[in-house]
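Student: Listed below, chain by chain, are the residues.
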Amino acid sequence: MIQELTESVDQLRDEAQAARKAARQLADPAKREQLFASAREKFESAIRRLERGLRNVRRDQKEHSSDACAVLERLSQTYGSLGGTLRDFALTKADQERQKMLAEARSQYEQGNTYEDERRKHCGALDTYNMLQLLVVELLGNAALINDHEFETKLQGVQKELERQVNAGRNDSWALADLALVSFLLGSPADHALADIEQRNVHASFYETTHTVITNLLNEGLGSGGDLTKRLEEFQRLLKRKGGLA
Amino acid sequence: MDIAPLYGSKNTAFSNVILSSALEKRCAAWCYLVERERPHKLRPIDLLDERCADSFRRFLRLSSRLKLDLARGARDDHMRERIAEAEKDAAGSGAKAMAELLEVWAKVRATPPWLVESSKVKQADCADWQDDADKLKILEARLEELNNQACQLVLQGVRSDRKRIEGTVERLKGSAK
Chain V
1 MIQELTESVD QLRDEAQAAR KAARQLADPA KREQLFASAR EKFESAIRRL ERGLRNVRRD
61 QKEHSSDACA VLERLSQTYG SLGGTLRDFA LTKADQERQK MLAEARSQYE QGNTYEDERR
121 KHCGALDTYN MLQLLVVELL GNAALINDHE FETKLQGVQK ELERQVNAGR NDSWALADLA
181 LVSFLLGSPA DHALADIEQR NVHASFYETT HTVITNLLNE GLGSGGDLTK RLEEFQRLLK
241 RKGGLA
Chain C
1 MDIAPLYGSK NTAFSNVILS SALEKRCAAW CYLVERERPH KLRPIDLLDE RCADSFRRFL
61 RLSSRLKLDL ARGARDDHMR ERIAEAEKDA AGSGAKAMAE LLEVWAKVRA TPPWLVESSK
121 VKQADCADWQ DDADKLKILE ARLEELNNQA CQLVLQGVRS DRKRIEGTVE RLKGSAK
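For the record, the sequence lines run as chains V and C.
Numbering-wise (the numbering used here), the first sequence opens with residue 1 and increments by one.
Numbering-wise (the numbering used here), the second sequence opens with residue 1 and increments by one.
Chain V with its partners taken away, still in its complex shape (with noise of 0.2 Å):
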């Protein structure tokens, strides 16, 4: 039962980023529009069915069971694909209408990173993905929030969370690009930053996928072409240089 649920949920959440993926790309507002509402119907149709098959995996098997944690992971994976979607939705709106799809994209990472939250206590599942991106969404939609105290407090607890996953074995280039950045965010010059994680004897594409992340956020406007995204800037031109990135 469980083969089939994640066979289908996998199906329809691959149309969904074919569907996100080809809205980001069209200029044509109308187009793009409904490419946007397909990929978040199905997305929200994955959910669906994936959190009927939660409860139906825990009504015969123990809470965290391997079937429990399978569902558990596609379901944070799913919020997180969702929270994605109508965060570059926001960004194709203006004023009053981006702020609105940005808290919507907030309350979807919010509720990935509940059950995100779950797979790492309880599933052994090494994984920061909503946990880092709800806040990112934040600072996308008030990028005054990087001076502000209980901001900070939240991204420490990110940086606590990546430092103790990357301690526990995990070495995926995504993690320590997200490491970077979190330490970026917390006021680390671009190159102790970035001296840190070197420590760690990185993989090549590391600087590459640091670079994607900064290059993604810059694109999204963050920091609004104040002091942050200058900052940026520069943590992108540096990565670019150590990176040997063409």
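Worth flagging that the hints you see were computed from the coordinates, not collected in a lab.
Check before you lean on any hint, since a few could be wrong.
Straight-line C-alpha distance at most 20 Å; calculated DMTMM-like pairs for lysine to aspartate or glutamate [claimed, not checked]: (1) C:Lys67 - V:Asp14; (2) V:Lys21 - C:Asp161; (3) C:Lys107 - V:Glu4; (4) C:Lys120 - V:Asp60; (5) C:Lys107 - V:Asp60.
As the structure is a prediction and not an experimental result, all values here were calculated from the model.
Given chain V, put chain C in place with the hints provided.
Tutor: Coordinates of chain C only, in the frame set by chain V:
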């Protein structure tokens, strides 16, 4: 196809050959299925036959997979048009909607709500089951519209299962957690 576990993932040229070959095989499978069994031309009533239903399910799965693969780079307008046309046929005849409703019924039969231990039932389960019952009601209506002797046994089965679900929901909705 996920090539990450293969050594081809370290060699771009080789991994492209693997991906291209996988795509060609999938295209060939789709064409073979469509030419040989013509699943896109099946009528809703044909799906009551398990062999036809299986062929239709394979057609939907393959079409969906292939559309994604073709959209990812290997440009093939003609192939995409063929898939779109076949899918349009399948949706237009009502076969796709019928297949979805029959799938709901198959799932109900695989894990009948009336066999679930009542102490484990939650409010959300009752809502899910009521949703299934509503879909089975639509399936009943479709089967009645077909007005064919071949539908009678299925219709009785669907109606009986729908009533059992409704009875279960009615019985448990007050006590569910």
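Student: Is the hinted pair V:Lys21 and C:Asp161 satisfied, with a Cα-Cα distance of at most 20 Å?
Tutor: Violated, because 42 Å separates the two Cα atoms, which is more than 20 Å.
Student: If you draw a straight line from the CA of C:Lys67 to the CA of V:Asp14, is it 20 Å or shorter?
Tutor: holds, 10 Å
Student: Would you mind confirming whether the straight-line C-alpha gap from C:Lys107 to V:Glu4 stays at or under 20 Å?
Tutor: holds, 11 Å
Student: Need the status of pair C:Lys120, V:Asp60: alpha-carbon distance at most 20 Å?
Tutor: Between C:Lys120 and V:Asp60 the Cα gap is close to 9 Å, so the pair holds against 20 Å.
Student: Under the criterion that the straight-line Cα-Cα distance not exceed 20 Å, is the pair C:Lys107, V:Asp60 satisfied?
Tutor: holds, 16 Å
When the structure is compared with the earlier hints, a violation turns up for hint 2 alone.
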